[in-house]
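Asks: Residues per chain, in single letters:
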Amino acid sequence: MKFRVVLPAGLLISSLLFAGCGQKETTDTVAKQPVTDSNATTTAAATDFSTATEQYRTYVVEQCDLFVKESEKFTEAVKAGKIEEAKALYAPSRAYYERIEPIAEALGDLDPNIDAREGDVEAAEWRGFHRIEKALWQDKTTAGMNEFADRLLKDAQLLRAKVETVEIDAGLMVTGAVELLNEVSSSKVTGEEERYSHTDLYDFAANVEGANKIYEILKPALAEKDPALEKQIGEKFTALTQELAPFKKGDGYVSYKELKDDEIRTLSQNLDALAEPLSNMGKILGV
Amino acid sequence: MSDTTNKSNQDSILKKPLSRRDVLRLAGTGGLGLLLGGGSIGGILAAQNKKKAVASPIDAAHTVPFYGQHQAGVVTPSQNFIYFASFDVTTKERNSLKKLFQAWTEASVAMTEGAMVGTDNHNLNLPPSDTGEAAGLTPARCTITFGAGPSLFDSRFGLQSKRPPNFKDLPAFSSEQLEPEWCGGDLVVQVCADDLQVAFHAIRNLVRIARGTAVLRWTQEGFQRTGQADPAAGTPRNLLGFKDGTGNPDVKDSKLMNNVVWAQSSDGASWMSGGTYMAVRRVRMRIEIWDRSSLRDQEATFGRYRDSGAPLGSKQEFDPVDLKSAGEDGKLHIPANSHMALTKGDGSVQLLRRSYSYSGGINLKTGQLDAGLLFISFQRDIKQFVTIQERLAKSDKLNEYTVHVGSAIFACFPGVSKGGYIGDTLL
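Quick mapping for you: the protein sequence lines, in order, are chains Y and Z. The numbers in the first sequence follow the numbering used here, run straight up by one, and end at 287. The numbers in the second sequence follow the numbering used here, run straight up by one, and end at 427.
Please note: incorrect hints may appear among the correct ones.
Computed beta-carbon distance windows for the label pairs [what the hints assert, rightly or not]:
1. Z:E93 / Y:E118: 40 to 46 Å
2. Z:K418 / Y:P92: 28 to 34 Å
3. Z:S273 / Y:D262: 34 to 40 Å
4. Z:G420 / Y:P92: 52 to 58 Å
5. Z:P65 / Y:E224: 36 to 42 Å
6. Y:R265 / Z:R296: 35 to 41 Å
7. Z:A172 / Y:K260: 22 to 28 Å
8. Z:P128 / Y:G250: 41 to 47 Å
9. Y:S255 / Z:P65: 52 to 58 Å
10. Z:P128 / Y:E243: 26 to 32 Å
Here are the simulated lysine-lysine pairs, DSSO-like style, with alpha carbons at most 30 Å apart [to be verified]:
11. Z:K92 / Y:K249
12. Z:K168 / Z:K255
13. Y:K140 / Y:K87
14. Z:K92 / Y:K231
15. Y:K283 / Z:K99
16. Z:K92 / Y:K248
17. Y:K219 / Z:K92
18. Z:K98 / Y:K219
19. Y:K225 / Z:K98
20. Y:K260 / Z:K92
21. Z:K92 / Y:K283
22. Y:K257 / Z:K365
23. Z:K99 / Y:K231
24. Z:K98 / Y:K283
25. Z:K92 / Y:K225
26. Y:K260 / Z:K255
27. Z:K98 / Y:K231
Reference excerpt, derived from the structure (chain Y facing chain Z, CB under 8 Å, subset only) [claimed, not checked]:
28. E62
29. A273
30. S279
31. N280
32. V287
None of these hints come from the bench; they were simulated from the model. These numbers come from a predicted model, not from an experiment. Quick reminder that beta carbons are idealized off the backbone N, C-alpha and C, glycines included.
So here's chain Y without its partners, still in its complex pose (with noise of 0.2 Å):
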């Protein structure tokens, strides 16, 4: 892992945001951040990354900042017990989350407290997007929801105010693009993610939208490295879009339910295509 933490902000605002009983356990998670130096940044003294780590943290905080907006709308509706606007705002809510994952992935019990499928964690321990998911699609009541609204919704607070401590270097961009790609062709094109509400478009798109985000961010150091390269990615990642668009409906996407067999395996491929050139990004930063 990549991320250094600034100890004293991260108590800071811990602090602010849990006054009461949350704080003890906030700073136990926060203390625990891998304090690492990234072989990259030491190696790639030739290449000034300031201006694309800068570039890259608004836009997490930007994400971050819409997330917990629009989970909030969502968890308040879980709360009204209006199911039908629930399962409306779930996908959307979701994705701001799913296109700055990686970030929230190295932010210690966040990803798994926001984004756990049932089983992959103890059960209970169960919380998060997908807990609600179950209850709108399956069982087809909130009734039970109102603690797992208000917990969805703190976390996401806590992840927003966390994002401030996370020092992004180039070395964590590049493997991040590649991580939200990884996050596709393991769970999201086989359905897995969204079991009740296949909803997996939405999530498969805002992966490769955070991962474009970055190539976008990297791409004029990319191109003086490698133009050749840069040109591949772009070019798939413009394929890839366009193997997506057939399946937009309205603002989002059809249900993963309506993909034939040989879509999935035309849009899994194209993810692939994708995925290998730009698992080469790190060209940028030296040997």
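With chain Y's structure known, arrange chain Z on it following the hints.
Replies: For chain Z alone, coordinates are given in the frame of chain Y:
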């Protein structure tokens, strides 16, 4: 030595394929670190020279040259394992296809020499360009054979005019039960090696290189008895227990090979001169049924004795086959509907078989083993295969025990010379 000379020396050394065994050896002695750090050039040169002196005699026994007039893997004595892969081309650009052929050639040269694929194998910021599972292994007589299916000659790449005569999808044969997931393909890669891990490594790296240009359509692993299990190197047996390949033409007879296997410039597609046409059939064996049939019936099905492989009515495996010989009761020794009798016919049509057995787990519908033969034959013209297969499909007694579920044909390119690439006479 100036810095520039130093640098260029180093480059030339880095460009030389470093064998998979050397990589480990150098790493063990710290030589790899020197090599990467651009340190002592002398040390590396010494290591390189040492490699040549020590490794050549071993490597010769494990290496089949990639370059040559013909592609390897056709008349090459069969290796123990096959990894067969059919691809669909996804790019619409002819130039991308050409680039794929060039990249495949470069990687294949490295892998058949037992060298690592690519140059980025030690950059900590990048995924290694070789996937690594063959590191430290010999090439295990690895051959990689490439070809193009009839569908490549449609309008996509402007190759319509290059389509060889008779090179179109096979006609439907009676009693075949083709399943689309085992059929066709724009391109073929046949990897054979004496080690399955080496073979898998080759296919895996070629699939990786193809990402974005071509995708897998179907694959099949195959095996036959290994050299260790059969030091006498007798004719291998198929999964029905019979020797298979006794009647193959002699691959050492180059005149015969030119007649039977290698396409000639006068055959109608000059770019295929020195190439060959491959027919592939995935033949599922109904082995449960076979196992319930009497030895007499089994031998009558093949037309040979199971133990010796001799033609029925003869003593030795390689005794000449006389389809007319009959016993005192006037009955033919070799039934006219036996597999051998129909395959041989009047002997005017021959082909070179290079098949492997396969085992594909269980058939979920019946709970029976999915096993059989990955039939592969090479011929100068695909008509040779069609002629024989039509005879077999109609009346072969073996059809009771087998069903053809997969099928494909490919025009396997002529051999490649140094500096060239596979398919360079086509694209």
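Asks: Taking the earlier hints as the rules, which of them does this structure contradict?
Replies: 2, 6, 26, 28
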